[in-house]
Amino acid sequence: MSEPTVRAAERVDLLTAETSEGAQELQRRDLTPSNELGREVGAVLRLDGRVLDARSIDVERPDDETMILNMGPSHPSTHGVLRLMLELDGEFVLRTKPVIGYLHTGMEKTGEELSYVQGATNVTRMDYLSPVINELSYSLAVEKLLGVEIPERATWIRMMMSELNRISSHLVWMATNGMDLGSSSMMIYGLRERELVLAFFEKTAGLRMNLNYVRPGGVAADLPDGWQDDVTVICDTIYERTFEYDQLLTGQPIFRQRMIGVAPIMAEEALALGVTGPLLRSTGVAWDLRRTMPYLAYDQVEFDVIVGTYGDNFDRYAIRLNEIRESIRIVRQCVEMMPAGDYRSQDPKVTPPPRARIGESMEALIHHFKLFTEGFRVPAGEVYSAVESPRGELGCYLVADGGAKPWRIHVRAPSFVNLQAVPLLMRGGSISDAITVISTVDPVLGEVDR
Amino acid sequence: MDAPGAGRRQTGDAQVIDLPVDAPAGVIVADAPATDVACFPTRDQYVALVAAFKASGYEMCSDLCAVDYLGHDDRPLPEGVAATRFEVVVNLLSLTKRSRVRVRVQAGDAPEVDSLFALYPGVEAMEREAFDLMGVIFHGHPDLTRILMPEDWEGHPLRKDYAVGRVPVQFKEAPGPR
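Chains as they are written, first to last, in this note's numbering: chain A, 1 to 450; chain B, 1001 to 1178.
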C-alpha cells in the first residue's frame, strides 16, 4: 500500500507545476525591480518624489522571516476567482499582488466574430451584475458610429433600467459585504431585495440576468403593462429597507470597527491609478459621469452625487448605500416623466420590421432574415463611449472597418483598473482587513478577466 | 495652465483642440468621427505629448489599448501619419476640464512604444493587457508579464493573424478537444 503515497507526492509536484503562473506571481523581494516593488507595497506616488508614509513597512527584512499566502483563486471572500498573493509579516500584509485571468474567456476576441446585432449578448456577460449598463455602453458606441437617432422613450427606458440595475448591483454588494463581515442576515436581505428587481427584469426582457435588452437602436421590448406599479413597489420596498440596513450595519460596533479608518486612499493616489466609481468618490472627488459628462437624459433628472471624505472602507460603504437611495430617486422621476412613443428607432437599418408585417410581406420577412443573419454595416471609424457603471467608468472602444462585425472591441472595465488599488489599500493592514478591502473594492471577475 | 489659443492647431473644419504649450512640435491633430479629438504623435513624441497633456490638466489615463489593423494600411488617417499595423490608443480624461482626448500612436509592425507608467501608474495593468493579448512591448514597464493568459501561453490572441479557437461539439465518445 506504499504506492498511493508516492503517487500523491508526485501529484503535488505536478499540481504545483500546473497551477504555477510563473513570473505573474509575487517574486522574491531581491529579484523584484524597485518600480514593481513600490507598486506591490502600494507606494503609488513615490514617482512624484513622495516617500512612504508612517504606515510604510520594512521591505528590507529577510525573505525567510515572512510568509507568502495565496488568497484565492477559490476563496469565498474573493467574490469569484481573484487570486491575491500576500506577503505577510505575522498578521500584517507587507505586499500584495493580484493574479488574475482565471476567468478569461476571450470575450474581446469573440466580439470581433459576432455581428453588431449579436454583440450585446456578448458584452452583457462581462459585468454580470450590471448587464444593462454593459449593453448600454456598447450600444451607445455603435449608435455614435451609425449616427442613429434614439427615440426619447427608449432613452428614458434605458435610464430607468440602468438605475434599477445599479440598485440590484449595489444590493448584491451590500449582501456580500455583510457576509464578509460576518452578518449573514445581510446576505439574505440583500439578495431578497435584489430579487424584486430581477423579477421586474424578467417581466420586461424575459431574462433575469444577461438581458440583451438594450440594443443598438433602442431596447428590445416596451415596458410591460402596469410597469409603473411594479417599479413603484420596488422603489418603496427597497427605500424602506435601506433604513433597515442602516440599523443592521451602519451603527453596529463590530462593523464600524472593521470599516472606519481601514484601508484609506487619497484622491491623488486614486487619480494616478485611474480608479473610478465609488472608490474615487470616497476620496471626496465628485466625479460621476452621470453628472459630469451626462449621457442619456441624466441632465434632466435630479440626483445627488454622493462623496466621502476619508476614502476609507466606511465611506465606500456609505456611498453605495446612499447611491441606492439616489438611484431610487432617479427611477421615481423616470416613472413620472416617461415619455410616450417608440421604444426603438424606426430606422429600418437597425430595427427589424414589426412581427405583424412579417406574416404579410415578403420584403419584411427578407429584411428580418437579413438583419439577423448578416446584420447591418457600420461606417468605418473609431469611438470611445463611457458610462457610469456601479463600479466606475465603463468604456467601450469600438473600431469599425465598414463591415458587419466590429474590427476591434475593447472594453475598459472599471473593476480591472480598480484592482490596481488593492496593494495600496492593503498596505500595513492585517489579513482581516484584506477581506474588507476586497469587498469594498467590489471587483466583478467576469469583467476583470473578460 | 495654458494661455488660451496657445499651440492651437486646426485641420480643415475639424474640431479645435488646445495642444498644451509644451507639447512636442509637429504633433498631428484631427477630429475623430464622433465627438472626441485624436492626436497622432510619432513614437518619439508619444510620451512627451502625454506628459504635456498631464501637465495641462489631464489627471487620469482612463484607457489604454492596442489595435491590430492587419490589412488596413489604407485606413483614413490624417495627412502625414504613416499607417503601421499596430496602433496604441490612449484615452486621457481631465476632471477639471471635463474633457477627453485620445492619443493614437502608430506602434510599428513589431509593436513597441515607451511605457506611460512613470506618468500614470494606473496604466500598469492596461499595458500588461496590451502586451499579453496584442504583443506590444512597453519599454520601461515595471513588470511586463502576461496578465490574462496563462504564463506558458504562446502567441498573442487578439492579433488578427491568431485564429479563433474552436472546440468541437462534444458528442458521446467523440475525441476530446486536445
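Treat the hints as calculated values from the structure; they're not laboratory data.
Hints are supplied without guarantee of correctness; some may be wrong.
[Claimed, not checked] Heads up, simulated BS3-like pairs for lysine-lysine below, C-alpha to C-alpha not over 27 Å straight-line: (1) A:K405 <-> A:K370; (2) A:K349 <-> A:K405; (3) A:K109 <-> A:K370; (4) A:K349 <-> A:K109; (5) A:K109 <-> B:K1054; (6) B:K1160 <-> A:K405.
Source: prediction; values computed, not measured.
Going through the hints against the structure:
Note on A:K405 and A:K370: the hinted pairing holds, with a Cα-Cα distance of about 14 Å set against a maximum of 27 Å. For the given pair, A:K349 sits about 15 Å from A:K405 by alpha-carbon distance, which is consistent with the 27 Å threshold. Of the supplied pair hints, the one linking A:K109 and A:K370 holds, its CA atoms being roughly 24 Å apart against a limit of 27 Å. The suggested pairing of A:K349 with A:K109 holds, with an alpha-carbon distance near 25 Å, which does not exceed 27 Å.
Our distance criterion of 27 Å between C-alpha atoms is broken by A:K109 and B:K1054, whose separation comes to about 32 Å. This hinted pair checks out: B:K1160 and A:K405 have alpha carbons roughly 13 Å apart, not beyond 27 Å.
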